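> Chain by chain, the residues:
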Amino acid sequence: MNSFLSTNAELVITLVKIALLLFIVLTVNAYLTWFERKVVAHMQSRWGPHRTGPHGLLQPLADGVKFLFKEDPTPAGVDKLVYYLAPLLALALALTGIALIPFGPDPIRLFNHDIYLGIAPPDVNMGILALFAITAMGVYGVALAGWSSNSKYPLLGGLRSSAQMISYELALTMSVVGVLLMAGSFNLKKIIEAQAHHPEWGFLGWNIWPQIVGFFCFFVAAVAETNRVPFDLPEAESELVAGFHTEYASFKFAMFFIAEYTSMITVSCLCSIMFFGGWLSPFPASWTFTHYLPSAILIPFGLWVIWDGIRYETVFGRIILPGVGTAIAGLGALFVLLPIVNEFIQGPFWLLSKILGFLFVYVWMRGTLPRFRYDQLMAFGWKLLLPLSIVNVIATSFVILARMTWGGK
Amino acid sequence: MTAPLVVFFVLAALAVIGAISLILQKHPIHSALSLIVVMVALAGLYLLLGAEFVAAVQIIVYGGAIMVLFVFVIMLLNAGVEEHTSISKMAGAPGLLLVVALAGVVAATIAKSAAGVQAVPQTGEISSTLGISNMIFKDFVYPFELTSFLILVAVLGATVLAQREKT
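Residue numbers (the numbering used here), protein chains in the order written: chain A, 13 to 421; chain B, 966 to 1132.
These are calculated hints, taken from the structure and not from any lab test.
Keep in mind it's a predicted model, so treat the numbers as computed, not measured.
Every residue gets a Cβ at the ideal spot worked out from N, C-alpha and C, and that includes glycine.
One or more of the hints may lead you astray.
[What the hints assert, rightly or not] The following residues of chain A were derived to be distant from chain B, with all beta-carbon distances above 12 Å:
(1) Ala42
(2) Phe47
(3) Asp75
(4) Gly76
(5) Pro119
(6) Glu251
(7) Val253
(8) Ala308
(9) Ile311
(10) Leu315
(11) Ile318
[Stated by the list, open to error] According to the in silico footprint, chain A covers these stretches of chain B (three or more CB under 8 Å from chain A):
(12) 990-1002
(13) 1012-1025
[Stated by the list, open to error] FRET-style restraints, in silico, Cβ to Cβ:
(14) Phe973/B <-> Phe81/A: 39 to 49 Å
(15) Ala31/A <-> Val1118/B: 45 to 55 Å
(16) Ile988/B <-> Trp376/A: 42 to 52 Å
(17) Leu122/A <-> Phe1114/B: 49 to 59 Å
(18) Val373/A <-> Pro1108/B: 42 to 52 Å
(19) Gly89/A <-> Pro969/B: 40 to 50 Å
(20) Asn1099/B <-> Leu34/A: 37 to 47 Å
(21) Ile402/A <-> Val971/B: 42 to 52 Å
(22) Pro399/A <-> Val1038/B: 20 to 30 Å
(23) Gly89/A <-> Thr1074/B: 40 to 50 Å
(24) Thr1074/B <-> Trp376/A: 51 to 61 Å
Next comes chain A alone, as it looks inside the complex (with noise of 0.2 Å):
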């Protein structure tokens, strides 16, 4: 068993990390759906979800179940095979782009191995365009399952969906070429890296400032491409009951859902590497007393937890969130009182506060937006969209000529 494990250690370690990696995504997708009906109920002037569980905690988890004990019925005339192939496609492509990520510039050292955050080792040289081939892949399972199910409604969602895919990929793709300039890689960390040249510049140094308008438009297109709203036109549900997945029930309804969930955590990660300086610190690299910000964010959250359960109205929420509160809280501690977990944190830290602000801008879209009508769409894609990408492509061009003409570099 020993030598089994020397031998194959890297093998070992990858298949741990994806188990974990795969629950750690379930989990933030189950409480991203417990997010989301809170925050567009508090901006709706309501409470969400409030019964199951203090504060509806449990309210993803009843969800859960209640996908995975309904029946599931397959209707008449189905093309069997790419029915159920539809949403097994769509969730194992949205799965598989995570696993491209880096999540941390550093190695924890292990068992005399050094373990990266992330499945992938960082040095993926295509990895951003692999990640693009495996999104550009992503359409299928909408596509496939809205033909499949033998239905008007799931047929004219797919049909919109594999439009908008087609319209909105080349804007995608073409946005990000003035980043892959600036970087001179595909490679995901080092695009990260050419951000922190001027290490004194903090968040001045981000590729969002060069780069606006490429970001502007990779992020329309990637909230295209995810089928979110204001382009959630393939399951608009005041027009096509519920689009591609109207005749899909119990836990394959919930597989498209999962997708859909995970491609946002994917397309919020892409942001944050790529224009908002991935696990870099937006405080110039000398303040180091912002270094504890994780801990000065997470006690007093801690403590409020802690003080807003002693109150609750019920027992559960009166044991479970001091409980949850107590837990938060030790972790800051823990973060001060331990100098070399804290610098190990601060990547992720910084990489995970960007990507749960993306997926807070997500979700107050959702609550802000109205939806596109459908020729409004296809026009912002081809007319305003894909040229202003590529007009962005030969300014940044330009300037890195320049700069290596005149600027000496």
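Got chain A; can you put chain B on it based on the hints?
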């Protein structure tokens, strides 16, 4: 057998099975799906050769963009199961002849190259992407520009054909 060889045979088998199923499937969508399998298997083979860039582009362009268009058109026209007619003898005889000729050419090429098989030089990220761009934009710049021009003409033609007649 070494691991790369196993992977090669798996991918090669996938590509061949996909190609055969592409012809045999009755429904256009199933044929299109088989073609996607072929494209992805080919991308895997490129990856095995160390051509990461070509592999990624293969999936993005062929697996993603072009095949999505195929599927889109099939779905839009709602093409049903294909009708089979009895194969005409006129088409059968030259077809058989062509198959034999093609098999002969392939066999001859394999026999000729088997003697002097050379390992493909492994290239890193920059060298491969840089190498490809150097080849396209320096060594073969005229054929490349000519191809772009051809595509531009095709695009213009499609636009003209698709335009609504002004009445």
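> Would you mind marking each hint as holding or not holding in the structure?
Against the structure, the hints come out as follows:
Distance check on Ala42/A: its Cβ is at least 29 Å (rounded) from any Cβ of chain B, clearing the 12 Å threshold; non-interface status holds. Annotated as non-interface, Phe47/A keeps its C-beta farther than 12 Å from every C-beta of chain B; the closest such distance is 31 Å. At the 12 Å boundary, the C-beta of Asp75/A stays outside the reach of chain B, the nearest C-beta of that chain being 31 Å off. The Cβ of Gly76/A lies farther than 12 Å from every Cβ of chain B, with a closest approach of about 31 Å, so its non-interface assignment holds.
Once the 12 Å rule is applied to beta carbons, Pro119/A is consistent with being away from chain B; the minimum gap is 21 Å. The claim that Glu251/A lies off the interface holds: its Cβ sits roughly 18 Å from the closest Cβ of chain B, which is beyond the 12 Å cut-off. With a least beta-carbon separation of about 18 Å from chain B, Val253/A lies farther than 12 Å from that chain, consistent with its non-interface assignment. With a least CB separation of 40 Å from chain B, Ala308/A remains clear of the 12 Å interface cut-off, as annotated.
Every beta carbon of chain B lies more than 12 Å from that of Ile311/A, the smallest distance being close to 43 Å; the non-interface claim holds. Distance to chain B confirms Leu315/A as a non-interface residue, since its nearest Cβ pair spans about 48 Å, more than 12 Å. Once the 12 Å rule is applied to beta carbons, Ile318/A is consistent with being away from chain B; the minimum gap is 49 Å. Evaluation of the coverage hint for the region 990-1002 of chain B: fulfilled, as 5 residues show C-beta separations to chain A shorter than 8 Å, against a requirement of three.
Note: the region 1012-1025 of chain B has 7 residues with beta-carbon separation from chain A under 8 Å; the three-residue rule is met and the coverage holds. The hint said 39 to 49 Å for the Cβ distance between Phe973/B and Phe81/A, and at roughly 44 Å that hint holds. About 53 Å separates the C-beta atoms of Ala31/A and Val1118/B, a value consistent with the hinted range of 45 to 55 Å. Evaluation of the 42 to 52 Å hint for Ile988/B and Trp376/A yields a pass: the beta carbon distance comes to about 50 Å.
Between Leu122/A and Phe1114/B the C-beta distance comes to about 57 Å, which sits within the given range of 49 to 59 Å. Distance hint check for Val373/A and Pro1108/B: the Cβ-Cβ separation is about 45 Å, which falls inside the suggested range of 42 to 52 Å. One distance hint, 40 to 50 Å for the beta-carbon pair Gly89/A and Pro969/B, holds here, with the actual separation near 44 Å. Against the hinted window of 37 to 47 Å, the Cβ-Cβ separation of Asn1099/B and Leu34/A comes to about 41 Å, which satisfies the hint.
The hint said 42 to 52 Å for the Cβ distance between Ile402/A and Val971/B, and at roughly 43 Å that hint holds. For the pair Pro399/A and Val1038/B, the supplied restraint of 20 to 30 Å holds, since their beta-carbon distance comes to about 26 Å. The hinted range of 40 to 50 Å is satisfied by Gly89/A and Thr1074/B, whose Cβ atoms lie roughly 47 Å apart. Remark: the range hint 51 to 61 Å for Thr1074/B to Trp376/A is upheld by a beta-carbon distance near 60 Å.
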